[in-house]
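Q: The hints should help you fit chain B onto chain R, whose structure is shown.
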Amino acid sequence: MEQRYYQKEIETMPVEEIKKLQSEKLVKQVKHVYDNVPYYRNLMDEKGVKPEDIHGIEDLHLLPFLTKADLRDAYPYGLLAKPLEECVRIHSTSGTTGRRVVAFYTQNDIDLWEDCCARAIVAAGGTNKDVCQVAYGYGLFTGGSGLNGGSHRVGCLTLPMSSGNTDRQIQFMTDLGATILCCTPSYAAYIGETLKEQGYDPDDIPLKAGIFGAEPWTEEMRHNIEATLGIKAYDIYGLTETSGPGVAFECSEQTGMHINEDHFYAEIIDPETGEVLPEGEKGELVFTSLDKEAFPLLRYRTRDICVLSRKKCSCGRTLIKMAKPMGRTDDMLIIRGVNVFPSQIETVLLNEGYEPNYQIVVDRVNNNDTFEVNVEMSADKFTDKVSEILAMEKALANSMKIMLGINPSVHLVAPKSIVRSEGKAVRVIDKRKLI
Amino acid sequence: MAIKQLTVFVENKQGALVTITDTLASNNVNIRALSIAETEEFGILRLIVNDEETALKTLSDVGYLIKVTEVVGVKIGDAPGKLSSALDVLDKAGINMEYLYAFMARTEKHAYVVLRVEDNAAAESALEAAGIHLITDADIEKL
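Chains as they are written, first to last, in our numbering: chain R, 1 to 435; chain B, 436 to 578.
Just so you know, these hints were derived from the structure itself, not from any lab.
On a predicted model such as this, the values are computed, not experimentally measured, just so you know.
Certain hints may be false.
[Stated by the list, open to error] Below, in silico cross-link-like pairs of lysine-lysine (DSBU-like), each with a Cα-Cα straight-line distance of 30 angstroms or less:
| # | chain 1 | residue 1 | chain 2 | residue 2 |
| --- | --- | --- | --- | --- |
| 1 | B | Lys-448 | R | Lys-196 |
| 2 | R | Lys-416 | B | Lys-492 |
| 3 | R | Lys-129 | B | Lys-439 |
| 4 | B | Lys-527 | R | Lys-385 |
| 5 | B | Lys-544 | B | Lys-492 |
| 6 | R | Lys-416 | B | Lys-448 |
| 7 | R | Lys-394 | B | Lys-448 |
| 8 | R | Lys-381 | B | Lys-544 |
[Said to hold, decoys possible] If the Cβ cut is set under 8 angstroms, some of the chain R residues that face chain B in the computed set are:
| # | residue |
| --- | --- |
| 9 | His-411 |
| 10 | Lys-416 |
| 11 | Ile-418 |
| 12 | Val-419 |
[Claimed, not checked] Covered by chain R, per the in silico footprint, the following chain B stretches (three or more residues, Cβ under 8 angstroms):
| # | segment |
| --- | --- |
| 13 | 482-493 |
| 14 | 496-509 |
Think of the CB as a built atom: it goes at the ideal place given N, C-alpha and C, for glycine as much as any other residue.
If we strip away everything but chain R, and leave its shape as in the complex, we get:
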């Protein structure tokens, strides 16, 4: 496959040169933040670090971390590093885990973010001949705007669909011949299911690639989506705190995401001690924005558990790669003392031939954790014999026990009875009150 790049010079830059570029940007950025963000200046002062102590990337570990709690404390303007007259936009998180985070952008910030998204679209095979359907939510959520901007930069015909209204998505997809679909993986799976229900075959639609992110998904789910839609499914990573999607993106090799490290420097730390871990070790992903102006977070702890790799990539890009996050430090459930990631449940379901439509319900009864997994019955497994359905539930519970080390009670439920939000799927209901 012929490799194309959106910004070849950066994307294939020798590692030594990238490091030099990162160091130069970091020195400037630390000074910018120290001078303009009293909140972070205080953190640096408390740690006894001055901007003069930072000579390059090798000194990054001296700087204090920022956490989601800092973002809440500093809400709304406490981490803003530019006067409002230079800011042109905000985006915001959904705020499901507490107070929402508001991030600010100057026009330069928007430009570099859209470049990052354009790199992702080109890496997925996008050109100005493509019709790019953006079915991420538009508005405060970063997904829609980010990919919309990237699609413009590549010169694709952009369909700014936003999420939801699946019948309309399918109508535009088929009538206008969309070739690239950008949305959350669960919505891509839903669109795929609906297309199938409406009698479409993957060969009936010209769709060739999908750029899916903003929620965790597994390799098995990728194979599923690729088969139902007849496409290559590429992962994209990002978070509102650093800009939005496009912080990292997948290439034709589909073995991890290249981090746009000319803008975002990645570290892996031990989540307990904060110590920086060597390349290849699993830990919490931490990002430093090297050249964002309005909302330049230094050493922001993402809570994603991940591994980095500099292994040479067949696509020719030299940008460091991150593995798909293996879970989040905050998505992780501790049930009966055992760490459980929803992605493990999903893996079991796909291995056993079920659609990954499930919901985990955890509660505490008489000081014991209850652990239920509701799974939607699939049409080809349904039978008229109660004994067989009970046996299927038992088999699933067994496989989950092997994967997790603890025994859930599994219930098969009617298809489509688990609420699918067309943005992010609600996978976990934790009713425990642990105080």
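A: Then chain B, alone, in the frame of chain R:
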């Protein structure tokens, strides 16, 4: 020869059953027989109807998980001992049975039994050999 039974996955929730019967009623489908097997969380509704194609389509459209199962139908006299002798035939032929349910016709002096067995063909030939009258989908439509 076997007759078609519709099997529907029903969650144990209030109103779950009435949605199904309403859907069938408004599409002019007449239920000849039904049986429910239930657990704490779900039930399996088994239906014999006069028009299984319409029932299948309308219930699927509403979103029910539904499948067609081939079962054996027999017509027996409405008198004590008649069911026993039919079951005896299957037992002697070594045919395992999963479940059964029975229904009466309005006018005839007969009862009908729906049998879910492991091997439909074997059950049918054993029953026929014993002189027990098997019913077909066409018979169901006429009931």
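Q: With reference to the structure, classify each hint as holding or not holding.
A: Evaluated hints:
1. B:Lys-448 - R:Lys-196: holds (29 angstroms)
2. R:Lys-416 - B:Lys-492: Distance ~18 angstroms between Lys-416 of chain R and Lys-492 of chain B Cα, so the pair holds.
3. R:Lys-129 - B:Lys-439: violated (53 angstroms)
4. B:Lys-527 - R:Lys-385: holds (23 angstroms)
5. B:Lys-544 - B:Lys-492: At roughly 33 angstroms apart (the allowed maximum being 30 angstroms), Lys-492 of chain B and Lys-544 of chain B break the hint.
6. R:Lys-416 - B:Lys-448: With Cα atoms ~15 angstroms apart, Lys-416 of chain R and Lys-448 of chain B stay inside 30 angstroms; holds.
7. R:Lys-394 - B:Lys-448: Roughly 22 angstroms between the alpha carbons, so the hint for Lys-394 of chain R and Lys-448 of chain B holds.
8. R:Lys-381 - B:Lys-544: Between Lys-381 of chain R and Lys-544 of chain B the Cα gap is close to 40 angstroms, so the pair fails against 30 angstroms, i.e. violated.
9. His-411: Since the shortest Cβ distance to chain B is 5 angstroms, the answer is holds.
10. Lys-416: Holds - the Cβ of Lys-416 of chain R comes within 8 angstroms of chain B, reaching about 6 angstroms at its closest.
11. Ile-418: violated (11 angstroms)
12. Val-419: violated (14 angstroms)
13. 482-493: violated (count 0)
14. 496-509: It holds, with 5 qualifying residues against the three required.
Consistency with the previously given hints fails for numbers 3, 5, 8, 11, 12 and 13, ordered from lowest to highest.
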